[in-house]
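Here the protein sequences come in this chain order: A and B. Position 230 of the first sequence, counting from 1, maps to 230 under this note's numbering, and the rest follow consecutively. Every position in the second sequence, counted from 1, becomes a number in this note's numbering once 1000 is added.
None of these hints come from the bench; they were simulated from the model. Since no wrong hints were added, every one of them can be taken at face value.
Here are some chain B residues the structure puts well away from chain A; computed CB gaps all over 10 Å:
id, residue
1, Ser1082
2, Thr1086
3, Arg1104
4, Val1106
Per the computed footprint, the stretches of chain A lying under chain B, defined by three or more beta-carbons under 8 Å from a beta-carbon of chain B, are:
id, region
5, 22-34
6, 55-61
7, 65-72
Quick reminder that beta carbons are idealized off the backbone N, C-alpha and C, glycines included.
Spelled out from the first residue to the last, the chains are:
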Amino acid sequence: MSAPGSAVRGAGRRPDASMDLLNQILREPVDPDYARVAGAADGPDAPVRPPARGRWAAALVLVLAGTLFAIAALQTDRTAPVAATERSELLTRIGDAETQQDALRLQVDDLNHQIDQLRSVALGDDDASRALEAEIDRLGPAVGQAPVTGPGVVIVVDDASGGADDARDQVLDLDLQVLANGLWASGAEAVAINGHRLSSLTAIRGAGDAITVDYRSLTRPYRVEAIGDPRTLQGRLAESAAGAWWNDLSQNRDMTYTTSDADRLVLDSDPGITLRYAQYGEGVQRR
Amino acid sequence: MIPLIGLVVGIVLGLLLEPTLPTVLQPYLPIAIVAALDALFGAFRAYLEGTFTDRVFVVSFVSNVLIAALIVWVGDQIGVGSQLSTGVVVVLGIRIFTNVAAIRRVLFHA
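Between the sequences and the hints, there should be enough to build the whole structure, so can you do that?
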């Protein structure tokens, strides 16, 4: 009859029965064979074991254990500098790529300049062409195709000095977007963040830990330069929604937000601007 | 005395000869060492309790190391190598702690 027995066992089931594995580990930390062999050795049928050979085997195993430790320690020691070297190599490659990118951007600027010259040559010297040139000159700075020089404001923003671990205390891509849009709305003619000129096609995005402008990551602090009427730009920005947004961030989140006037700012053209669509104008003769 | 000398000789040998392990075996070295530590502390505790036997020590050491490496190897083959390593380290870690605590009680009566 096994039914009553199993019923009793079911009733007396320990509450921690499901954790029997852990209990067993805790209860039997030493190989139970030690106790068994030792018990047999004391018994009447104790095996006659060769003590010397066993001792040497144990010594050999211990030598092996020591060698294992040494190998592991050496290996960990050896791989550490390798990782550091790889890291510095990667950093060098990133630096090289950025230098190359800068060189290419310079080349783009140079070629754009040549295009401008060729265009004015091609347009000729009649009235319609002059009107077109004037319009190009007027629109160029606004769209970011031409470098702009003039007075304006410089705004420096940065993460909160203390608890920058909290994402809410860090400048986000959204914050810079709001600031840039506020500057446009306040009458800025040209805006640049950390030297990257903004155009209508510039993306201000967060990528990982960094904010990117034109797909180039920025380093803190963020220096936003805007060219515009220095008499009104700052005041209008302060009254705008962007000004309120940043006031809130600087007062409640302790972020850096300093605004200052600048007599002369030089903003380069946005190298990302390319000609995507072209059409013969009405007053221009085909050649 | 012999065990301690053996251990020291092994460490010195390893440091002097700087043997390089085949790349295939390298992932299993750390886990094998944890298993070896477990066998060592278990043997020491058995020694203090007067039940130490050379043969059991040799067999438990070798099988511990091999089985730990084997578990991780099987885990690697089926894609759960790191999880199984964690499991082995947890189980052996508990055993090592329990053994060391018992050794401490015997040695220092505390």
